[in-house]
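2 protein chains.
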Amino acid sequence: MMSQCRKVLRAAALVFVFSSVGAAMAQDPLPSWNDGATKQGIVDFVAKVTQEGSPDYVPQAERIATFDNDGTLWAEQPIYFQLLFALHRVGVLAPEHPEWKEKEPFASLLKGDVKGALSGGEPAIAEIIMVTHAGMTTDEFEKIVKDWITTAKHPVTKRPILEMTYQPMVELLAYLRANGFKTFIVSGGGIEFMRPWTEQVYGIPPEQVVGSSIKTKLEMRDGKPVLMRLPEINFIDDKAGKPVGINAHIGRRPIAAFGNSDGDRQMLEYTAAGSGARFCLLVHHDDAEREFAYGAESKIGTFSEDLMTEAKTRAWTVVSMKNDWKTVFRPDPSR
Amino acid sequence: MMSQCRKVLRAAALVFVFSSVGAAMAQDPLPSWNDGATKQGIVDFVAKVTQEGSPDYVPQAERIATFDNDGTLWAEQPIYFQLLFALHRVGVLAPEHPEWKEKEPFASLLKGDVKGALSGGEPAIAEIIMVTHAGMTTDEFEKIVKDWITTAKHPVTKRPILEMTYQPMVELLAYLRANGFKTFIVSGGGIEFMRPWTEQVYGIPPEQVVGSSIKTKLEMRDGKPVLMRLPEINFIDDKAGKPVGINAHIGRRPIAAFGNSDGDRQMLEYTAAGSGARFCLLVHHDDAEREFAYGAESKIGTFSEDLMTEAKTRAWTVVSMKNDWKTVFRPDPSR
Chain A
463 MMSQCRKVLR AAALVFVFSS VGAAMAQDPL PSWNDGATKQ GIVDFVAKVT QEGSPDYVPQ
523 AERIATFDND GTLWAEQPIY FQLLFALHRV GVLAPEHPEW KEKEPFASLL KGDVKGALSG
583 GEPAIAEIIM VTHAGMTTDE FEKIVKDWIT TAKHPVTKRP ILEMTYQPMV ELLAYLRANG
643 FKTFIVSGGG IEFMRPWTEQ VYGIPPEQVV GSSIKTKLEM RDGKPVLMRL PEINFIDDKA
703 GKPVGINAHI GRRPIAAFGN SDGDRQMLEY TAAGSGARFC LLVHHDDAER EFAYGAESKI
763 GTFSEDLMTE AKTRAWTVVS MKNDWKTVFR PDPSR
Chain B
463 MMSQCRKVLR AAALVFVFSS VGAAMAQDPL PSWNDGATKQ GIVDFVAKVT QEGSPDYVPQ
523 AERIATFDND GTLWAEQPIY FQLLFALHRV GVLAPEHPEW KEKEPFASLL KGDVKGALSG
583 GEPAIAEIIM VTHAGMTTDE FEKIVKDWIT TAKHPVTKRP ILEMTYQPMV ELLAYLRANG
643 FKTFIVSGGG IEFMRPWTEQ VYGIPPEQVV GSSIKTKLEM RDGKPVLMRL PEINFIDDKA
703 GKPVGINAHI GRRPIAAFGN SDGDRQMLEY TAAGSGARFC LLVHHDDAER EFAYGAESKI
763 GTFSEDLMTE AKTRAWTVVS MKNDWKTVFR PDPSR
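Each protein sequence line maps, in turn, to chains A and B.
Quick note: the first sequence, position 293, residue 755 per my numbering, numbers continuous.
Quick note: the second sequence, position 113, residue 575 per my numbering, numbers continuous.
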């Protein structure tokens, strides 16, 4: 009885929360954005491309918006979360690999020396990624990712990893979709690392996720066809790879693109080079108090002075997290 | 005045045609399919996966249906239409390539000897494809395809090439979408050869087309980023490649798959191997009078005895074009 009662109370509370959210949305589709030039710029762009008869009108089918993930939709400090996942997997797999005790980068990792392990640079990272991301079926990998993503905590904030997503950006995704946009993720991260949770968290279904990938191969297992994940790079969806990935996957040039680092530069340039109204936005991490402050000097999510100059020259929108965002992180969607 | 009058008359006629079509659709969503087990099987499957509360109910986001193109959505005899396009392009490009007069497979082609040119087998075909499909930007290629597809005629029927699409399958696509399915093309044909016209003809937008591809590369031209098409295979979306392409592009296993040949076998097997209700269909070309009759002996669109046996064993639907289709080709959409 008690449990039944609690369920009803929870349901009632949820209805209340959702109606409040609904009412707030009706007044302001971007409640977590402070009023100002940045927010106004977003609203103005959406108004002019959706207003029939406007010289900037864009038919619904062509309203493609692409979003980087790491540093744009969720945090990326102190290291990419997919690397956290890989490091966790090394621990899980270690008992099957006694040889790792003597072999770098695994030996350092297993001693808890992450910095030492990563000192091997890209080859070391690639090796960690391959042993943790390949050698299983796509269905198995999906389950492994789901299990981790729903239990992992951020190493600094100790919050659930899915609470490290940005509330203002989640609102922006919903706002664009409510205005007939189709929203895509275009990330340097692994496509199959993102797909298991992007629908729940961002409202973006698997078929609208573009990312880096390893090769897969059709095999029969117990008389059933499965796709095995091979330890071989298929595609790197970063920098000049982003327009290539966009074309391969979407087949249309976006009219709006959202990023936060040098890795997104070519995506924004490619978007801006189309004809008609375009919108390009970069999130600048300048909020050491509520999140992290980094830019030109950071190895992860580098926002170079060159990129800042280009953004100013081309009148791209640069979001100051400190000034433009009322809240940063979103509440855990599962609570 | 006359022209104004004609326009009004045409508009009125169109309204009349569309209302009739609308009324017919309300009665029967598949008017070009003869009543019988095949049609009933399609309707029953759609009913059970869309009926809330049914044990076979599938949430809308998971209603993924994949369609082969050549031989399934449009004809493929006497040769794949993309090869017709390539042969046409060789003629257009010949003045820039005087060396082709002495070089096979081009020399035979330019003498009108298609059979001789293709006698070089796959390497000859690959060479023809590369010189006609690479070396331009993606935007330029899109324009070339659009120009050809709207003017080309079928070599046997002399009908516009876009009238060689199948009316019953176009109805089936619309019927599935009306029931919350997301429809994808998964074809061995070139992804960028299909995208410029699939939305108009099948109602399938570019981002829902999966196909074979060549590599592209980001380059600057007149200060603007463009994607150059390179003479290098990126991916072959056929046979065991189809499940790989589906996973890479869609990231979900289809619940329904539609094909017509051995090239679709793995796609159907992969679809059937998922849990819950599944629907697999093969179009059998047995209608020499209205289209073409071919199967096990055909080099193009081979439907082997092995595949027929598997279809029967697994209770896949085999469409007899002769018996199941009231009409075969669809009217030119631009008329």
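I should point out that these hints are in silico values taken from the structure, not numbers from a laboratory.
One thing to keep in mind: the hints can contain errors.
Unchecked claim - No more than 27 Å apart at the CA atoms, straight line, and that leaves these computed lysine-lysine pairs for DSS-like: (1) B:Lys644 / A:Lys701; (2) B:Lys677 / A:Lys679; (3) A:Lys686 / B:Lys644; (4) A:Lys774 / B:Lys686; (5) A:Lys761 / B:Lys679; (6) B:Lys608 / B:Lys510.
Hints, one by one, checked against the model:
1. Simply put, B:Lys644 and A:Lys701 have alpha-carbon atoms about 31 Å apart, too far for the 27 Å limit, and the pair is violated.
2. At roughly 20 Å between alpha-carbon atoms, B:Lys677 and A:Lys679 fall within 27 Å of each other, so this suggested pair holds.
3. In summary, the hint linking A:Lys686 to B:Lys644 is supported, as the alpha carbons are separated by about 25 Å, within the 27 Å threshold.
4. A threshold of 27 Å between alpha carbons decides the hint, and for A:Lys774 with B:Lys686 the separation of about 18 Å falls inside it, so the pair holds.
5. Taken as a hint, the A:Lys761 and B:Lys679 pair is honoured in the structure, with Cα atoms around 26 Å apart against an allowance of 27 Å.
6. At roughly 39 Å between alpha-carbon atoms, B:Lys608 and B:Lys510 are farther apart than 27 Å, so this suggested pair is violated.
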